[in-house]
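**Student:** Got chain A sorted already, so can you dock chain B onto it with the hints?
Number of protein chains: 2
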Amino acid sequence: MKLPKFEVEQWMTDYENDAVCNLTDTCIPALTVKELLAMDEAGDFQNVRLDYGAITGDLRVKEEILKLYQSGDSDSITTSQGCLQGNEMVMETLLEPGDHVITFKPGYQAFSDYPRALGGTVTELPLYEDDNWQPSVSDLEEAMKQKTKLIILNDPNNPTGIRFNDAFITRMIELAKEQGTWILSDEVYRDPACPSVSDLYDRGISTGSLSKMYSLAGLRFGWIKGPHDLIQKINERRDYSIISTGPLADTLAYIALKNKERLLERAENVIQANREIIQDWLKNEPACSVVLPEFCTVSFLKYEGDIPSKQLALDLLKKHGVFFVPGACFFHENHLRLSLTADPEVMKQGLSLLSSYLHQN
Amino acid sequence: MKLPKFEVEQWMTDYENDAVCNLTDTCIPALTVKELLAMDEAGDFQNVRLDYGAITGDLRVKEEILKLYQSGDSDSITTSQGCLQGNEMVMETLLEPGDHVITFKPGYQAFSDYPRALGGTVTELPLYEDDNWQPSVSDLEEAMKQKTKLIILNDPNNPTGIRFNDAFITRMIELAKEQGTWILSDEVYRDPACPSVSDLYDRGISTGSLSKMYSLAGLRFGWIKGPHDLIQKINERRDYSIISTGPLADTLAYIALKNKERLLERAENVIQANREIIQDWLKNEPACSVVLPEFCTVSFLKYEGDIPSKQLALDLLKKHGVFFVPGACFFHENHLRLSLTADPEVMKQGLSLLSSYLHQN
Numbered sequence: 001m002k003l004p005k006f007e008v009e010q011w012m013t014d015y016e017n018d019a020v021c022n023l024t025d026t027c028i029p030a031l032t033v034k035e036l037l038a039m040d041e042a043g044d045f046q047n048v049r050l051d052y053g054a055i056t057g058d059l060r061v062k063e064e065i066l067k068l069y070q071s072g073d074s075d076s077i078t079t080s081q082g083c084l085q086g087n088e089m090v091m092e093t094l095l096e097p098g099d100h101v102i103t104f105k106p107g108y109q110a111f112s113d114y115p116r117a118l119g120g121t122v123t124e125l126p127l128y129e130d131d132n133w134q135p136s137v138s139d140l141e142e143a144m145k146q147k148t149k150l151i152i153l154n155d156p157n158n159p160t161g162i163r164f165n166d167a168f169i170t171r172m173i174e175l176a177k178e179q180g181t182w183i184l185s186d187e188v189y190r191d192p193a194c195p196s197v198s199d200l201y202d203r204g205i206s207t208g209s210l211s212k213m214y215s216l217a218g219l220r221f222g223w224i225k226g227p228h229d230l231i232q233k234i235n236e237r238r239d240y241s242i243i244s245t246g247p248l249a250d251t252l253a254y255i256a257l258k259n260k261e262r263l264l265e266r267a268e269n270v271i272q273a274n275r276e277i278i279q280d281w282l283k284n285e286p287a288c289s290v291v292l293p294e295f296c297t298v299s300f301l302k303y304e305g306d307i308p309s310k311q312l313a314l315d316l317l318k319k320h321g322v323f324f325v326p327g328a329c330f331f332h333e334n335h336l337r338l339s340l341t342a343d344p345e346v347m348k349q350g351l352s353l354l355s356s357y358l359h360q361n
Numbered sequence: 001m002k003l004p005k006f007e008v009e010q011w012m013t014d015y016e017n018d019a020v021c022n023l024t025d026t027c028i029p030a031l032t033v034k035e036l037l038a039m040d041e042a043g044d045f046q047n048v049r050l051d052y053g054a055i056t057g058d059l060r061v062k063e064e065i066l067k068l069y070q071s072g073d074s075d076s077i078t079t080s081q082g083c084l085q086g087n088e089m090v091m092e093t094l095l096e097p098g099d100h101v102i103t104f105k106p107g108y109q110a111f112s113d114y115p116r117a118l119g120g121t122v123t124e125l126p127l128y129e130d131d132n133w134q135p136s137v138s139d140l141e142e143a144m145k146q147k148t149k150l151i152i153l154n155d156p157n158n159p160t161g162i163r164f165n166d167a168f169i170t171r172m173i174e175l176a177k178e179q180g181t182w183i184l185s186d187e188v189y190r191d192p193a194c195p196s197v198s199d200l201y202d203r204g205i206s207t208g209s210l211s212k213m214y215s216l217a218g219l220r221f222g223w224i225k226g227p228h229d230l231i232q233k234i235n236e237r238r239d240y241s242i243i244s245t246g247p248l249a250d251t252l253a254y255i256a257l258k259n260k261e262r263l264l265e266r267a268e269n270v271i272q273a274n275r276e277i278i279q280d281w282l283k284n285e286p287a288c289s290v291v292l293p294e295f296c297t298v299s300f301l302k303y304e305g306d307i308p309s310k311q312l313a314l315d316l317l318k319k320h321g322v323f324f325v326p327g328a329c330f331f332h333e334n335h336l337r338l339s340l341t342a343d344p345e346v347m348k349q350g351l352s353l354l355s356s357y358l359h360q361n
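Same order as they appear, the protein sequences are chains A and B. Number 246 in the working numbering belongs to position 246 of the first sequence; there are no gaps in the numbering. Number 355 in the working numbering belongs to position 355 of the second sequence; there are no gaps in the numbering.
Hint data in this document are derived by calculation from the structure and do not stem from the laboratory. One or more hints might be untrue.
Because identical chains share one entry, a pair is satisfied inside a single copy or across any pair of copies.
What the hints assert, rightly or not - Straight-line C-alpha distance at most 27 angstroms; calculated DSSO-like pairs for lysine-lysine:
#1 310 to 233
#2 302 to 348
#3 5 to 318
#4 258 to 34
#5 233 to 105
#6 105 to 302
#7 2 to 149
#8 283 to 348
#9 5 to 149
#10 2 to 302
#11 34 to 260
#12 145 to 105
#13 233 to 67
#14 2 to 233
#15 2 to 147
#16 2 to 177
The shape of chain A in the complex, shown without the other chains (with noise of 0.2 angstroms):
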């Protein structure tokens, strides 16, 4: 099966170890696991037999999962090896040769490469920085004149950070049921206040892992939320590639969404110290702009002049080791991936050295 190379993960293997200030890390900085464990009330970890365990997920995780939606039952659920192969998994089940997918741009990469491998022809819809990184519902009625089968959106947006707004996805909806289409929307960086594809719609599947705004990428730990029928579905596939997320990551997931009220709180207090900062820098940087989110640990910041983003990124690291993803890992130019998760003094320094950079070249 043919793939390129995903632009944005290679990119973040290459050179992340390089990162003095690291500007650009999509996860709230990551717990130890003596952190996690100091919350684990119950103190059962110890106990655990490392066998495949429950097979579709431990029914205990899973139940604290459904606490951030507003629908479904323990059938709703599966587990997966975090949010990405949770997508991975979705899309294998519900794609054939030939099937129209929509998603959209400046967006994930997957969703449109991982589509076109298995044989599916996408289109990309632009988001519109000058509209707040928004779609427009003429665009997507448009694409949706050919017969859709997957609608697929990262919402909040990866790299832009920002929600859909409520009309489109009202009127998205509405075009879907008329045709079937299903519509898988990654909430990995979703705020479990705001509403998920997967409690609007009969076929809205919502995936969404411990990994970004729950500091726990290391668990490996993520889910998809879907109707019976498609959940069971891919509950047969895991078969042939996981079996189990088994239950070391189980315990532990079900230990962190207990938590999950202290570790959003912790994620809040580290965005908002990091928005603060990004918006004093911008009062005093007239070469940079950026549509800030409300609560997400990514923006797609602007920058203007002619330097390619993968110039400016190198050379930001190599003279200064401040660490970006740039626009064109997005196919996206002028533009950088600015994460709202660093040390405030390390966002602050590396903010400077991106604006000495800019005026000097």
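**Tutor:** Okay, now just chain B, sitting in the frame of chain A:
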């Protein structure tokens, strides 16, 4: 992508929880977290930070994996979430629609149905029970009259537990060299003292995991060993599915592999005790026979009579709580997968109940 149900895995999922005497579990009894951590001499588990970790796998764990082989370096290894996922990644990376694949039956269903789902054509060569479940060189020569992209074996084989003989392996590699055919060998049941195809052939790929012989299915930790350029391609594809196996599993896998002699000795004791019980039982059970493996957790028991294997397995489970995977799940009637992992008293009781059943029906 269309995939049929995975018969053996679905059977396990549907019925394993009802087992009182489980005589078909492929894993040496699992360790608890506490038992595993008791081997952690460095004691650094609590300090592991739960970020994505080393994207292509922790170097320390790769170096421990290499000790299971005769050749290769850290670039010859990548990590996966179980052996199954390693196999999936290899098949997805190598196969294109129209490619010819050879595998063996009875065998693991993924090795015929997953290549078919990827658009390949598959020839399944028989393993001959009368010849101790060995394949035939002439069958292979005949099948390779067409150009073959990939040969997939499971060595030792699931469900028979038997290794492919050295003469066959040697001839298979000769034939593969002539055509540039890749050989994927799922060696999840391998004794590291035995040869690995990845040490014998430059297009040989070995997959393995800690699930079966190392008692740690709950870590969901496996690996792929192969030539550098293939491992590099797989690492690029991993960005679409898992990103990393994560520092939690990597660290615990490192602890396990540092202590592999203890774990393998434990496995040997369990298997040897089960072998002796089975051999004693067979002396007085003319209705059954089995080719017992030297060192593997599974075998494929033959029984006389007309009862379909699914009916037999369901009857035994419902009436007596004795659990087998029926041969029908491997598309091979009059057989049951009999594991060598049970508690001795459970094994004795289960076999006795099987005898009673066979003589009453």
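**Student:** All hints, please: hold or fail.
**Tutor:** Results of checking the hints against the structure:
no., hint, in the structure
1, 310 to 233, "between (41 angstroms within a copy, 23 angstroms between copies)"
2, 302 to 348, "within (17 angstroms within a copy, 71 angstroms between copies)"
3, 5 to 318, "within (23 angstroms within a copy, 51 angstroms between copies)"
4, 258 to 34, "both (16 angstroms within a copy, 22 angstroms between copies)"
5, 233 to 105, "between (29 angstroms within a copy, 26 angstroms between copies)"
6, 105 to 302, "within (15 angstroms within a copy, 58 angstroms between copies)"
7, 2 to 149, "both (21 angstroms within a copy, 16 angstroms between copies)"
8, 283 to 348, "within (13 angstroms within a copy, 78 angstroms between copies)"
9, 5 to 149, "both (25 angstroms within a copy, 23 angstroms between copies)"
10, 2 to 302, "neither (32 angstroms within a copy, 43 angstroms between copies)"
11, 34 to 260, "both (17 angstroms within a copy, 26 angstroms between copies)"
12, 145 to 105, "within (19 angstroms within a copy, 48 angstroms between copies)"
13, 233 to 67, "within (23 angstroms within a copy, 39 angstroms between copies)"
14, 2 to 233, "both (24 angstroms within a copy, 11 angstroms between copies)"
15, 2 to 147, "both (25 angstroms within a copy, 20 angstroms between copies)"
16, 2 to 177, "between (32 angstroms within a copy, 24 angstroms between copies)"
Going through the hint list in order, the structure does not satisfy hint 10, though it satisfies all others.
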